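Sequences are here, hints too, so could you generate the full structure?
Under this note's numbering, the first residue of the sequence shown is numbered 19, with each subsequent residue one higher.
Don't read these hints as lab results, they were simulated from the structure.
Please note: incorrect hints may appear among the correct ones.
Stated by the list, open to error - No farther apart than 27 Å at their CA atoms in a straight line, the calculated lysine-lysine pairs in the DSS-like style are these:
#	residue 1	residue 2
1	Lys39	Lys134
2	Lys135	Lys69
3	Lys128	Lys39
4	Lys69	Lys116
5	Lys116	Lys79
6	Lys128	Lys116
7	Lys79	Lys135
8	Lys39	Lys79
9	Lys69	Lys134
10	Lys69	Lys79
11	Lys79	Lys134
Being a predicted model, the structure only gives us computed values, none of them experimental.
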Amino acid sequence: MYRNEFEELLQNAIMFAGGDKSRVFVLSIPDWGVTPFARTFGNGDIETITKQINQYNNINKQESETLGVTYIDVTPISRQAANDLTLLANDHLHPSGKMYSMWVELLAGKVVAELKKNP
Numbered sequence: 019m020y021r022n023e024f025e026e027l028l029q030n031a032i033m034f035a036g037g038d039k040s041r042v043f044v045l046s047i048p049d050w051g052v053t054p055f056a057r058t059f060g061n062g063d064i065e066t067i068t069k070q071i072n073q074y075n076n077i078n079k080q081e082s083e084t085l086g087v088t089y090i091d092v093t094p095i096s097r098q099a100a101n102d103l104t105l106l107a108n109d110h111l112h113p114s115g116k117m118y119s120m121w122v123e124l125l126a127g128k129v130v131a132e133l134k135k136n137p
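Written out as structure tokens, the structure is:
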């Protein structure tokens, strides 16, 4: 079910980009299982959360590759929050500005490179 819904969303994104796949970028799902919030409110089952995140991200990556759009994996950055709480907002769940900056740094290089290839 998720695969079909994701493919439909991705097809819509391509349509909104005027059919130009070089203008569509997919970011992986961050792993919230490493956060203190997950330990408190996620039943403490970090392994299950991580496994499910990996499953969804595998689908996202496969569908992105099948449809020829750029896939950018920010999940490893999110997992750094297990050892660095400055990467999380005060709610101990959402990314902080610091983590967003790390994502942007990763994303910017790939977006700029793609846009230079296809102005």
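- [ ] Provide an ascending list of the numbers of those earlier hints which the structure does not satisfy.
- [x] Those not satisfied are hints 2, 9.
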